[in-house]
Structure formats: C-alpha cells, structure tokens
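> As given, the protein sequences belong to chains A and B, one line each in that order.
Just so you know, we're using this note's numbering here: the first sequence kicks off at 1 and counts up by one.
Just so you know, we're using this note's numbering here: the second sequence kicks off at 1 and counts up by one.
No lab work stands behind these hints: they were computed from the structure.
Even glycine gets a Cβ: it sits at the ideal position worked out from N, Cα and C.
Don't take each hint at face value.
[As the list claims (entries may be wrong)] So, partial list: chain A residues that the calculated Cβ filter (under 8 Å) puts toward chain B:
(1) CYS44
(2) LEU47
(3) ARG67
(4) PHE69
(5) HIS73
(6) ALA78
(7) VAL79
(8) PHE81
(9) ARG85
(10) LEU87
(11) GLY99
(12) LEU102
(13) SER104
(14) ILE298
(15) THR301
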Amino acid sequence: MIAVDVTLDRGRFNLHAQFAAGAGITGVFGPSGAGKSTLLHLLCGLLRPTRGRIAIGETVVVDTAARVFVPTHRRRVAVVFQDGRLLPHRSVTGNLRYGERLLSAAERRIAFTDVVELLRLAPLLTQPVAKLSGGERQRVALGRALLSAPRLLCLDEPLSAVDHDLRDGILPYLRLVQNALKIPMLYVSHDLSEVLALTDRMVLLNAGRVAGAGALIELAAQPALVPMLHALGLVNVLAADAQDDALTLSDSVVLHGPAGGAQGRVTVLIAPQEVALATAPVAGVSIRNQVPGCISAITATRERTLVTVDIGVPLLAEVSSEAVTRLGLACGQLVWCLVKAQALRVLGT
Amino acid sequence: MTPDEFAALTLSLKVAAASLALLAIPGVFLGWLLARRDFPGKTALDVLVHLPLVLPPVVTGWLLLRCFGRRGWLGAWLHDTLGISLAFNWKGAALAAAVMALPLLVRAVRLAIALVDRGLEEAAATCGANPWRVFITVTIPLAAPGLIAGFVLAFARSLGEFGATITFAGNIPDQTRTLPVAIFAYTQLPDGDAAVSRLAIASVVLAVLALVASEWLTRRWQRRLGSAS
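If we strip away everything but chain A, and leave its shape as in the complex, we get (with noise of 0.2 Å):
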C-alpha cells in the first residue's frame, strides 16, 4: 500500500499529486511532461518535495511536517530505469549483486538463483554489460532491482529503449515476477497499451496533476478523461484462454484470432475503434466474432462517444455520435459486438 500525497514547486513546472496504489502493479500514466518521471524520483528520494507526506507499507519515507526525509539508499524503492543504467565497470553478475551485497542475509528475500531462473539471465551471466541488447539490459535491470529486496519497485518507462518487437517478450517477464515475487510495482508509461497488458489500475497525470486514478473502465466512464486516454492510446484488454485460434473470454465467450501458437493464459488487446455495435446479429458478413451484451455506460464527448458493453467482461467500443442516435442506443438495451478476427492483438503470458 503506498499513500501520496506530495507538493513539489519548481517555478515552471509544479507537482501535485495525491493518490493511493494497492499491492499489485499500478499503472502511472500520462502524457510526456505530466510529471510521471518527478513522481517517481519523489518516490525514490532523489527528490525531496515542496510539501507533502509518502508512506510505503507501514513506513512513512518523506513527511515535510514531521520533518523526515529516509535518504534514497535507505528507502528500499528499486528503479527499473528508461536506459537501465547498468553499471558498466561490472560485469552482469556484478550489477546483479550490486544491491544484494549491501544487505544482511536476513533482508535477502529473493535468492540470486531464483532471480536468473525468472529471468532467463544464465547465458547473460558472464557477458561484458557492453554487449548486451536493449531487452537484455532492461532484464538485468529488473534482476538487480529485485535482489535489492525492494519494498516497491518502480519501472520508468523501461521498454521505451526497446524495439518494439522484443516488447511482447519483456512484459510476461513483469508478470511472471508479480505473480512469484508479489513486490508492489509502480510501472510509469506514455503508451497505455502497455500498462493495459499488465494492469487495469492506473493513475493518470496530467500537467502535474492526478486527473483521475482507480481500473480503466471506471476512468473510461469519465467523459473528461476520454480524449487523454484516446490519445495515449486507449486499448480493451481481456484475460483468455487460447486453444488453438479459440479465445475462451468466460464460460459463454468465445472470440475468434490469430493466437500465433499461444496456448493457456493470454492476454487480447482489441481497440475501441475496432468494435463496432449492431442491434442485432448480422448475417452474411466477413466479420467472424459477434457477441451480444448489454451495454453499461455510453460517455460521450464532442469528437467520439465511448460505448462500455458487458459482454460478461466490460468491452469498450468507439463509435460515432451519429451512430448512438440513428441506432438510439441506451444503457441497459442489447446490442451485439462485432470485431475482426484481425483486429485481435495476443500476447502470451
């Protein structure tokens, strides 16, 4: 559990912030120079704030009015940095230890050999850090970061250095270490469909301020929020079941996609503007996923109007304003959800 609630003023640029993030990772997120980056140096003590107070766990790290400051070093809040930030004097397994080394063995939670076994860093080991690629370096990053025994571990932006294709093999990375480790994560990012593919609980920054916090459907329902999070790229992720090119939602849900050989637990991102409604099923169409549901909630805003159907999970669908009235949509009323079988985006676990 981490509470913010913080005051930095710089002239140009000031930050307020005040949110609170459960365990599990929570997305920060906001477009560039809204404050993610200060937010996390907040966090970490490389920046000490105007005002304000920050607890992580049971541990209060900055309180201005009680006048305490704990100093980066002893605040146990690992960075996964944009570029890394490996040390290049030392080798993989010297920045790998690098933190570990600096506690007791009592404070040592997470073994060495379970961290390169997460990881699959046993190749990377006795490389010089010089070679390694780009999504090797952010994974011995993570390594390091974890063997520090962090209380919360931030991740700044870490793919953005990484080609975009190797991006698909780094997240389930994240996930595998959540799930085994359960350290609290904050993962700070420009690009939402990259949280999405990890968490559904995020904080939104905008202009150094938290313009709303809490999962994604609730923000999509805000008719202020929609345009930011269009911009930055606003994607359905839904947790399924793949066999063979099946996608088991629940029970009764099934979408059809190119799965690209993934079997078990997936993750399927579908684009709002991808889904389109009809009020009853279609026949004779190329179009070969069509699911009814009800739809929840309809936010509409000047340019576009954002349609949330449960379809036994929330499915959000962009339509036209023009569309809501001649089809005469409203909340409650049936409606079925037709999306390409290209239009799915899977992504392995």
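Following the hints, complete the assembly by docking chain B onto the known chain A.
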C-alpha cells in the same frame, strides 16, 4: 652519475611521492566538491585552489614561508606543539610541490567526476548504496582514467617544481636539492655542463616513464570499462 647527482634524483622521487601522498585525499575531495556540490563560497574556494597555477611560483614560495616558516603563524604552532619544522628541509620541499601540483590534480579530478553519468550514481543509490559507497564503487572507478591522468600530471609537476621549492625550502644537498634545483645549481658552476646534461636526461627519462605508465594504466582501465567480464 656522481653520488651527488644520484642523491638529487632519489630526493626528487621521494619529494614527489610525499607530495602525491599529501595531495591524494584533499585533491580528490576538492575535485569532487567542485564538480558535484553547490555551496556558498564555491567560487572563492575555486580561486584559492587555482592560485598557485597563476601566481609566480616565487610568490607561492614566499607565502608558504610566511605561513609555515619557523616564524610563520602555522609554522610556529607546528614547531611548538608537534615539533615539526617544514622550512628548509625535505618535508618543506614536499609541501611546496604539493601546493603547486594541487590545482592540476583538482582540475583533472573535477573534470573526470563531472563527466561521470549522475544517472549511474542515482541508480546505485536506489540499489541501497549510501553516498560514500556510491562514490567508491561508481564515481571513482568511472572517473579513473581522468584521475590517473591527474595524478601523473601532479607527479610530474612535483618532480619539476622549482620556484616555490627554492624560495620555501632552499637548496640544501640531500634535504631540498631536488632535480631542478640541482640543475640550476650546476648551471651556475663553470664546469657544470656535464652534470646538467646527465640530470636533464634523467628528467626526460622520468617524464617519459610517467607518461608511459599513465597510458598503460588508462588503457587497461578503459578495456575493463569497455568489456567487463
């Protein structure tokens, strides 16, 4: 080489080594302070450290004499309480060399430390390293090539120091007659030419050795930085 010339050579090495020992910690500390910290009086400190570089060495020597001489305010205290006398002995020559070499060392250290990526220092801190450990395990190793260059420069300066040494420590065989002082003394003698050339050659050889050693150390270190295993 005559025993006298050889004595000048060994004395020079001894003085230069003592000067480096005297300089190492304050030099690195001042370089770090000037590179990484902001504090009131930083400019004044910067100027003070650099003064020996721009003042005529004779003036520096005279100032040292006023401070550390037997009647100087610090010198009198040192002599009365600790029984240490600095003027006109080899310790004074080492002090003069250290003061003259300090700006060169501080400049090199400051530049080397300023070039170390602060991001790496921050990353080390988030791993749980306290500021001292960050300095020892991140800043110093990454600044090492620049530090080595600074120490070689300071060593060479200490070997060659003349003006401040002769003013503060004088020209006493086996005590303060270092290589340059000896060379100067021999040039004043009608038949000193041969001795001067031998000492000059010794100076060149020492300088070349110092440069080669620094190059070797720097390369070795950079290879380690490039491909640590």
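> All the hints need checking, so say for each whether the structure fits it.
Hint check:
Checking CYS44 of chain A against chain B by beta carbon gives a least distance of about 5 Å; that is within 8 Å, so the hint holds. Below 8 Å, beta-carbon pairs count as interface contacts, and LEU47 of chain A has none with chain B, the closest being about 10 Å; its hint is therefore violated. A cut of 8 Å between beta carbons decides the hint on ARG67 of chain A: the least distance to chain B is about 20 Å, and the hint is violated. At about 14 Å, the closest approach between the beta carbon of PHE69 of chain A and any beta carbon in chain B exceeds 8 Å, and the interface hint on this residue is violated.
Annotation: interface hint on HIS73 of chain A holds; nearest CB of chain B at approximately 5 Å, less than 8 Å. For ALA78 of chain A, the shortest C-beta to C-beta distance to chain B is roughly 6 Å, which falls under 8 Å, so the interface hint holds. At its closest, the beta carbon of VAL79 of chain A sits 5 Å from a beta carbon of chain B; the interface hint therefore holds under the 8 Å criterion. Hint on PHE81 of chain A holds. Least Cβ distance to chain B is approximately 6 Å, under the 8 Å limit.
Interface hint at ARG85 of chain A: satisfied, since its Cβ lies 4 Å from the closest Cβ of chain B, which is below the 8 Å cut-off. Taking 8 Å as the C-beta contact cut-off toward chain B, the hint placing LEU87 of chain A at the interface holds, the least distance being around 6 Å. The beta carbon of GLY99 of chain A comes within 3 Å of a beta carbon in chain B, closer than 8 Å, and the hint placing it at the interface holds. Among the interface hints, the one on LEU102 of chain A holds; its C-beta lies about 4 Å from the nearest C-beta in chain B, closer than the 8 Å criterion.
For SER104 of chain A, the suggested interface contact is broken, since its CB lies about 11 Å from the closest CB of chain B, more than 8 Å. Checking ILE298 of chain A against chain B by beta carbon gives a least distance of about 44 Å; that is not within 8 Å, so the hint is violated. About 39 Å separates the beta-carbon of THR301 of chain A from the nearest beta-carbon of chain B, more than 8 Å, and the hint is not met.
Hints 2, 3, 4, 13, 14, 15, counting from the list given before, are not met by this structure.
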